[in-house]
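Asker: Construct all of the structure, not just a fragment, from the sequences and the given hints.
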Amino acid sequence: MAWMTGALDLNGDTRISAATVDMGAYEYIATPLSPALSSPARLSANQFQFVLSGTAGQTYTVEYSLTLTNWLSLLVTNAPGNPFITTDSTATNQLRFYRVRAGP
2 MAWMTGALDL NGDTRISAAT VDMGAYEYIA TPLSPALSSP ARLSANQFQF
52 VLSGTAGQTY TVEYSLTLTN WLSLLVTNAP GNPFITTDST ATNQLRFYRV
102 RAGP
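Residue numbers for the sequence shown follow the working numbering, beginning at 2 and rising by one.
Warning: the hint list may mix true and false statements.
[Said to hold, decoys possible] DEER-style ranges, computed between Cβ atoms:
#1 Ala8 with Gln50: 20 to 26 Å
#2 Ala37 with Leu73: 40 to 46 Å
#3 Tyr27 with Arg102: 28 to 34 Å
#4 Gln59 with Thr93: 29 to 35 Å
#5 Leu69 with Arg43: 19 to 25 Å
#6 Tyr27 with Gln95: 48 to 54 Å
The set of hints was computed from the structure by calculation and includes no laboratory data. We put the CB at the ideal spot given by N, CA and C, even for glycine.
Answerer: What follows is the structure, given as structure tokens:
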């Protein structure tokens, strides 16, 4: 309804969130999932696999490092919403560190 534009709930949050209105006295504010790497597995001497999960449509960059100071991009993706398997086909038996960053 027109009166909801600019209206606030009992917490002081706007009534319209994500183009819709919650029926309760407090608006539900959805927070994006933090990206996560899980289920690590060594497939072969040069393949390392893990699962990437996050918020659908969010851009994530998976990076790796041998030293924790110099990071190299492994994958840039828009998450599909469901966890998906990612494979590093350049992994060796040398110790590697992985991280995932959200954003452009």
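Asker: Need the list of violated hint numbers for this structure, in ascending order.
Answerer: Numbers 1, 2 - these are the hints that the structure violates, sorted from lowest upward.
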